[in-house]
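> Chains as they are written, first to last, in this note's numbering: chain A, 33 to 515; chain Z, 205 to 368; chain U, 36 to 158.
Wrong hints could be hidden among the right ones.
Derived DSSO-like pairs: lysine-lysine, alpha-carbon spacing no greater than 27 Å straight-line [stated by the list, open to error]:
hint, chain 1, residue 1, chain 2, residue 2
1, U, K122, Z, K338
2, A, K39, Z, K338
3, U, K96, A, K195
4, A, K240, A, K302
5, A, K431, A, K302
6, A, K240, Z, K314
Reference excerpt, derived from the structure (chain U facing chain Z, CB under 7 Å, subset only) [what the hints assert, rightly or not]:
hint, residue
7, R92
8, I102
9, V105
10, V120
11, I131
12, T137
13, Y148
14, K152
No lab work stands behind these hints: they were computed from the structure.
Don't be surprised by glycine CBs; every beta carbon is placed ideally from N, CA and C.
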Amino acid sequence: MEIHLLKSEMAVALLMGWLLLVDLFMPRIPKRYLARTAVVFLLGITGWLVWTGAGVGERWMEGVLVGGGGMFVLDGLALWGKEFAFWAALFAMVAGMRFAGKDDDHLVERVFLQLAACLGMMLLASASHFALVFVALELVTVVFYVLVASRRHDGLSVEAGVKYLIYGAMSSGVMLYGMALVYGATGSLGFAETARVAAQPTPPMLLKMGLLLMLAGLGFKLAAAPFHWWAPDVYEGAPTPVTAFLATLSKGAGFVLLVRMLTVAFGGMKEFWLPVIGVMAGLSLLFGSLGGISQTSLKRLMGYSSVAHTGFMLLGVAAVSCAGLGGVLYYLTGYLLANALVFGVMCETSGENPYQEIREYAGLGARSRWLAGALLIGLLSLSGIPPLAGFVAKLLMFKAAWQGGMTVLLGIALLAAVVSLYYYLNVIRHMYAGEPVLTDGLRVPYGVKLLQGALAAGVVAVGFFPGPWWDGSLMIVRALAGR
Amino acid sequence: MTAALFYIMGLAMLGFGVAVITSRNPVNSAMSLVLLLAAMSGLFVLLGAFFLAAVQVLVYAGAIMVVFLFVIMFLGPDEGVRRRLHWFGAINGLLVVVALLYAFFTLAGKQPPMIGAEGRAGTVESLGRLLFSKYLLPFEVASVLLLVAIVGAVVLARKDARSS
Amino acid sequence: MIFAEYLPAALQAGIALAFVAAMLIVPPIVAKKGAPNPAKDSAYECGLPAAQSGRPRFSIKFYLVAILFVLFDIEVVFLYPWAVVYKEMLREGLSILFSMLTFLAILFLGFLYVWKKGALDWK
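So that you can see chain A by itself, here it is in the shape it has in the complex (with noise of 0.2 Å):
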């Protein structure tokens, strides 16, 4: 086992532990300082990440490092979505310390939950080996059922927490069984393995149907529809800073998980799951569009939104080129920041407005300038306005789509589009616009200018300035596809 090669995995996990025998055996120190010391540490090891990330980035780019057996893979995407994971469980943690309040009890397992679901993503992004997908995925998926339902007290966060431990479990199943028939076409439940007998002329009818309990239970954790129900009642039961990690990094996850199953393991069977992708991504279109419409809670809009956004991003992997990938890429980058900014903003108001509705923000514009500034740069990215950088990666995937061909998912991609437009604009509107219900300014502490001007600045820079992060997502997804 090289153990060289989880270096960072390593770091999280003793981080994990040691997080949880400061908090037992010194009890006196109060768990927020130990809280903020943990998201210093995840600060460093993501930075040590980054750098070395960087400096042997070439190295990683074009060979690979493969470690376990053949089962763990050190190459671009896998670096990519570790740093995606960090950056997330960074984001995640701030907000919920924001969040949670002085007295918390549970504020440590949180954080350590958080973690978790870090290494969990961590691990799933070098996974090339289906039983480690699999731990991997439930490591993220478990941490979920608990953040979800950690409100003991609100109706509202239990009945979500069982939504998600139901539909989680049954699809986790689905999933499950799908590596088992995989199994038994291919006899190995490896990717090189499975891409051996995926790429037959007549692929078994087991691994087609294996695949497709796989997509379906993958689907469940993207919220693709017809997957995608549990996703409205989940995102707004769970508490707010839960919905903004399981926004970014649980579709984080998936999405790396799916490029590469779909490139490295299936790689032969395009013509097999195209449709299904493309299937996928029109419905995710339309209900996360169309269900938006007529939302009263923000929280709830997000929701539809993230359907929405898992929409665009299986047209660029239904686009099966390097652009649509590598835009796939691009996008999750663009989104996890303007899901930030959106969220930081939700947990600022949480206190006098619990439930998020949108019709409370009125006047948000005049109370706290800061506040709606960012909440606007947000909800502008996620619509897509030009110059932001949802707009740039909504380009790419219209253009993949275009370049591969699929004029009618086009078409529903951009009446998607259109129609969210509507709804996004419908909460600015509120916000500057609408009949104030509160008027009181709003304190915002510097910490949280700092953080959120740097995120604003982010969606525009990689908006402004598509190139480098366009390059590395591209490059990334050659080299993939080039195995």
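We have chain A; now place chains Z and U onto it with these hints.
For chains Z and U alone, kept in the frame of chain A given last:
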């Protein structure tokens, strides 16, 4: 001998299965399920899947059924109301029966289209060897998964951690 | 498949079954049993009629115990194949020892957590 044991186990499973769904006392249903699972582990032994048989008894007949029974006892083990057969359920059940019969008659006597693992795959030795060599990483991750589940269970179920 | 090696197990199962069957069948034959009547079945003079079912609801406190039992039970499942191959694989190096030690250390952390948080206390 194998055939005789297969029929004994199979009939026992069928009998206990019927008892699970017809028994009016939920505790009796759960107990029948324990016996059904035990008989099923006997079938696994006949197939040479010894580890699976052990896990079946340890985890399913043991641990999972404890949770089942707990839920039954928590909700109150009173005898359930006898419900009428619902037409929707009946149709679905019939469909499943038809599908299973179809599968049985088309597949009977045919070699399954599976590529099995070679050698004595079901034995505990071969499983242990694989688990602690090739599958070491998922194995260690499984311990993190269990740890997370333990912490999660305490976070969700414990009343207030500090007031103790 | 050789069934001789299962003979002890079969024997034990048979004895257990026979014992339970005997417990159920023999007493009604041996014991004298008069015809039941309502007066006989009612509570004795100074007793009270049962206020509720003889099987009360369980407390929710059992829930955590049940879940923790399941989780640690799964740990034991992993120990079983380890114990079987341990002696043989030890010859190839110490990795078999350390892999299980890591596994157990991580789960011991969970046990410490449960213990220190007082989740096993019965208040």
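> Hint by hint, say whether it matches the structure.
Here's how the hints hold up against the structure:
For the proposed pair U/K122 and Z/K338, the alpha carbon gap of about 18 Å is at most 27 Å, so the pair holds. Restraint check for A/K39 and Z/K338: the C-alpha separation of about 19 Å stays at or below 27 Å, so the hint holds. Taken as a hint, the U/K96 and A/K195 pair is honoured in the structure, with Cα atoms around 23 Å apart against an allowance of 27 Å. At most 27 Å may separate the alpha-carbon atoms for a hinted pair to count; A/K240 and A/K302 meet this at roughly 11 Å.
For the hint pairing A/K431 with A/K302, the CA-to-CA distance comes to about 20 Å; that is within 27 Å, so the pair holds. The suggested pairing of A/K240 with Z/K314 holds, with an alpha-carbon distance near 20 Å, which does not exceed 27 Å. Using the Cβ-Cβ criterion of 7 Å, the hint placing U/R92 at the interface with chain Z is satisfied: the shortest such distance is roughly 5 Å. The beta carbon of U/I102 is positioned within 7 Å of a beta carbon in chain Z (closest approach about 5 Å), and the interface hint is therefore held.
Restraint check, U/V105 versus chain Z: the minimum CB separation of about 4 Å is within 7 Å; hint holds. Interface restraint check for U/V120: the shortest CB-CB distance to chain Z comes to about 4 Å, inside 7 Å, so the restraint holds. A hinted interface residue such as U/I131 counts as satisfied when its beta carbon comes closer than 7 Å to some beta carbon of chain Z; here the least separation is about 5 Å, so the hint holds. Evaluation of the U/T137 hint against chain Z yields a held restraint, the C-beta minimum of about 6 Å falling below 7 Å.
At its closest, the beta carbon of U/Y148 sits 6 Å from a beta carbon of chain Z; the interface hint therefore holds under the 7 Å criterion. Using the Cβ-Cβ criterion of 7 Å, the hint placing U/K152 at the interface with chain Z is satisfied: the shortest such distance is roughly 6 Å.
The structure shown violates none of the earlier numbered hints.
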